[in-house]
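Student: Go ahead and model the full structure; you've got the sequences and the hints to work with.
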Amino acid sequence: MSDENAQGAQRHWEKTRTLTIIVLVVWAIFAFIVPWNAKALNSASFMGFPLGYYFCVQGSLAIFVALIWIQNWRQDQIDDELGVEE
Amino acid sequence: MQGKFTDNLGKVYGLYTLGFLGFFALMAIFEQLGAGARLIGILFLLFTIAIYALIGYLSRTTQVEEYYVAGREVPALYNGMATAADWMSGASFVALAGGIYFGGYPYLGFVVGWTGGYVLVNSLMAPYLRKFGCYTVPDFIGTRYGGNMARFCAVVILVVASFTYVTAQINATGTIASRALGIPFEIGVWFGIAGILVCSMLGGMRGVTWTQVAQYIVLIIAYLVPVIWMSNVQGFGLIPHFGYGDAVQRIAELEPQLGVGTAPAEKIAGLNVLTNLHNSPQGGYDSWRFFTLALCMMAGTASLPHILMRYFTTPSVRAARRSVGWSLLFIFLLYFTAPALATLTKLQLLDPNLATSVIGKTIEEVNNLDWIKNWAAVDMLRVIDSNGDGLLQINEFFMRSDIVVLATPEIAGLPYVISGLVAAGGMAAAMSTADGLLLAIANALSHDLYYKIIDPKADTKKRLIAARVLLLFIGVAGALVASLKLTGILGAVAWAFCFACSGLFFPLVLGVWWKRANREGAIAGMVLGFASGALYLIYIQNGGTQIAGLDGLRFGIIGMPISLIAMVVVSLMTPEPSKEIQDMVDQTRLPGGKTILDSAN
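Top to bottom, those sequences are chains A and B.
With my numbering applied, the first sequence corresponds to residues 104 to 189, in that order.
With my numbering applied, the second sequence corresponds to residues 398 to 998, in that order.
No lab work stands behind these hints: they were computed from the structure.
Where is the CB? At the ideal position from N, CA and C, for every residue including glycine.
One thing to keep in mind: the hints can contain errors.
As the list claims (entries may be wrong) - Cβ-Cβ distance ranges computed for the label pairs, FRET-style:
hint: 1; chain 1: B; residue 1: Glu973; chain 2: A; residue 2: Met150; range: 45 to 55 Å
hint: 2; chain 1: A; residue 1: Gly151; chain 2: B; residue 2: Thr403; range: 39 to 49 Å
hint: 3; chain 1: B; residue 1: Val866; chain 2: A; residue 2: Ser148; range: 43 to 53 Å
hint: 4; chain 1: B; residue 1: Leu674; chain 2: A; residue 2: Gly151; range: 16 to 26 Å
hint: 5; chain 1: B; residue 1: Gly656; chain 2: A; residue 2: Met150; range: 23 to 33 Å
hint: 6; chain 1: A; residue 1: Ile136; chain 2: B; residue 2: Ala434; range: 41 to 51 Å
Said to hold, decoys possible - In silico DSS-like pairs for lysine-lysine, Cα to Cα no more than 30 Å straight-line:
hint: 7; chain 1: A; residue 1: Lys118; chain 2: B; residue 2: Lys664
hint: 8; chain 1: B; residue 1: Lys991; chain 2: A; residue 2: Lys118
hint: 9; chain 1: B; residue 1: Lys758; chain 2: B; residue 2: Lys664
hint: 10; chain 1: B; residue 1: Lys976; chain 2: B; residue 2: Lys991
hint: 11; chain 1: B; residue 1: Lys912; chain 2: B; residue 2: Lys991
hint: 12; chain 1: B; residue 1: Lys912; chain 2: B; residue 2: Lys858
hint: 13; chain 1: B; residue 1: Lys758; chain 2: A; residue 2: Lys118
hint: 14; chain 1: B; residue 1: Lys858; chain 2: B; residue 2: Lys991
hint: 15; chain 1: B; residue 1: Lys770; chain 2: B; residue 2: Lys758
What the hints assert, rightly or not - Simulated coverage check for chain A against chain B, where a stretch passes if three residues somewhere in it have a Cβ under 8 Å from a Cβ of chain B:
hint: 16; region: 115 to 122
hint: 17; region: 127 to 139
hint: 18; region: 150 to 160
hint: 19; region: 165 to 175
hint: 20; region: 178 to 185
Tutor: Next up, the structure:
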């Protein structure tokens with residue numbers, strides 16, 4: 104591996120790692136923190152649902168789907184930008 | 398021929414879907430002409446299984462690459478469907494909505510856990526394992542950490558976790574087959590395993606992939622159609638998913654009036670009365686129960702080899718990532734329907750303003766309902782007038798939780814053809830998961846244990862024969878264990894997730910994310926994590942006191958931290974991995990270039 108390549112690879116990994124950390128933070132919020140506080144959230148209502156319940160049956164799930172697609176879109180950008188795509 | 402097939406996938410599966418809908422319409426006409434429920438059920442099962450068997454036969458192969466990873470040419474969208482079928486087991490299809498019906502808020506940890514786990518799969522695992530280019534999950538462990546010992550530990554954990562899981566699936570196929578075909582359960586199990594093996598024996602991963610796509614189409618139609626139909630018949634709206642908030646609120650109103658929470662006067666093994674409130678998180682301990690369950694299910698998702706190996710079959714790293722996105726989207730369709738189904742079915746039984754309600758009616762009237770008679774006849778439901786007032790109270794209505802999905806069409810008064818469709822869907826869900834699991838086990842034993850450890854000089858023909866013999870042997874062993882009916886379906890599934898995350902989660906994640914992780918650390922992490930989880934399970938199963946409410950569904954919470962600590966401590970106490978291994982990790986992190994295993998050869 105030439106130095107330039109190695110540098111590119113290192114920058115690629117740094118960016119990938121940052122993206123992954125951001126994704127995992129969002130994931131943890133909707134996987135754990137929101138359901139943990141379902142009782143408090145239930146006093147609010149969303150589309151006729153108690154809010155805490157809504158997140159456990161639909162909201163968090165939909166956010167997970169969106170999160171994966173957004174992460175992949177951004178990761179593709181990073182790969183293309185640094186020329187490490189397949 | 399093969400190239401032609403993958404070029405025409407849209408056409409092939411489009412026609413297949415139309416054909417299935419046509420068959421459904423034909424069955425509906427049959428019913429109008431007077432065919433009985435039994436005949437329709439039999440036709441549904443035989444027709445769908447015959448199609449899967451045909452696909453399995455057409456996908457037969459003698460190539461190693463095709464047998465183990467479907468030739469690495471499965472497009473992202475179709476791999477997403479296949480993964481969704483691989484993933485959604487008999488438990489998701491049959492038991493999930495029933496669990497939500499009876500379990501209330503803490504149970505929703507399964508719903509969040511079994512979807513959120515894919516974020517971990519996508520972020521931490523799938524793209525890197527695809528870049529690695531392995532055939533099996535132990536193949537990654539064995540190559541990354543080096544040495545047969547690490548590989549062997551991974552094989553053992555894989556076999557224990559997947560075998561626990563597969564017996565539950567074979568059990569589910571046996572239950573469905575016995576009910577639909579009217580044969581004893583013990584024979585139904587063998588019927589189920591025969592169907593499963595036909596799909597996987599000849600074509601390996603290739604056959605399983607293309608049958609799983611077909612099975613996903615059947616199972617998702619079979620899940621969505623009854624719920625949407627029921628919603629329209631019962632006036633809950635065109636598409637129920639977004640409007641059942643009112644039903645949730647109405648149930649909360651009815652619960653105190655009907656006395657939900659009063660314990661029943663007697664206990665009946667296997668049957669439940671509704672005692673948990675539908676939506677009543679209490680915070681504190683309740684939140685802890687939710688969190689621990691969700692965490693075990695998520696980490697388990699990201700460590701179960703039959704799921705991870707599906708991402709080895711895509712043409713590229715990018716396609717592997719994209720197919721995780723498709724997988725979760727397809728899984729989401731079922732998972733966000735299940736709570737709607739549970740809620741609306743409960744409302745129909747409870748709300749005295751609805752014609753379908755049973756609670757509060759006279760015992761005599763309830764006992765005369767057709768659907769009550771049908772399910773009571775097979776001991777899945779019972780009505781007992783404990784207080785002798787002649788009226789049915791909520792704690793006098795006993796039901797097996799598994800039948801919520803299966804009975805919904807009958808409760809709502811839908812035609813029999815819907816019940817036949819649901820049986821076919823449940824069968825597809827259980828078969829597709831069992832196929833993936835059996836293949837994961839047989840491949841680990843044939844590739845990692847036999848080829849890599851015992852006889853590295855074995856030629857292709859011998860390897861593929863070994864793979865198939867093992868598949869047959871494990872399938873038969875699974876059917877034998879399943880026919881003993883040791884645990885319930887859902888309990889066994891949760892065990893599998895906890896075994897997998899206790900032993901494999903950190904060795905897999907750190908293999909990519911921590912260059913310093915070495916062989917000694919990985920072995921310590923696998924052995925100690927898995928052993929501590931398993932010992933804790935044995936301890937509580939034999940009446941030991943649970944730590945912090947961690948039961949058999951959650952013992953991964955014990956195994957995972959021990960695995961992590963052992964792996965980090967032992968890695969740091971022993972020399973760092975060689976330069977070659979560290980370069981290999983660098984290469985794994987880059988999407989471009991050849992796979993790791995290809996460049997090694």
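Student: Hints first: check each against the structure and report whether it holds.
Tutor: Results of checking the hints against the structure:
1. Glu973/B to Met150/A: 45 to 55 Å: holds (54 Å)
2. Gly151/A to Thr403/B: 39 to 49 Å: At roughly 45 Å between Cβ atoms, threonine 403/B and glycine 151/A fall inside 39 to 49 Å, so the hint holds.
3. Val866/B to Ser148/A: 43 to 53 Å: Hint violated: Cβ distance 59 Å, outside 43 to 53 Å.
4. Leu674/B to Gly151/A: 16 to 26 Å: holds (19 Å)
5. Gly656/B to Met150/A: 23 to 33 Å: Between glycine 656/B and methionine 150/A, where Cβ atoms are some 30 Å apart, the hint holds.
6. Ile136/A to Ala434/B: 41 to 51 Å: Given about 47 Å between the Cβ atoms, the range holds.
7. Lys118/A to Lys664/B: The given pair, whose Cα atoms are some 58 Å apart, is violated under the 30 Å limit.
8. Lys991/B to Lys118/A: Holds, at roughly 22 Å.
9. Lys758/B to Lys664/B: holds (22 Å)
10. Lys976/B to Lys991/B: holds (19 Å)
11. Lys912/B to Lys991/B: holds (20 Å)
12. Lys912/B to Lys858/B: violated (37 Å)
13. Lys758/B to Lys118/A: The given pair, whose Cα atoms are some 64 Å apart, is violated under the 30 Å limit.
14. Lys858/B to Lys991/B: holds (26 Å)
15. Lys770/B to Lys758/B: Holds, at about 16 Å.
16. 115 to 122: Per the Cβ count (3), the hint holds.
17. 127 to 139: holds (count 7)
18. 150 to 160: holds (count 9)
19. 165 to 175: n = 8 at 8 Å, threshold three: holds.
20. 178 to 185: As far as the region 178 to 185 of chain A goes, the hint holds, because 3 residues have Cβ atoms under 8 Å from chain B.
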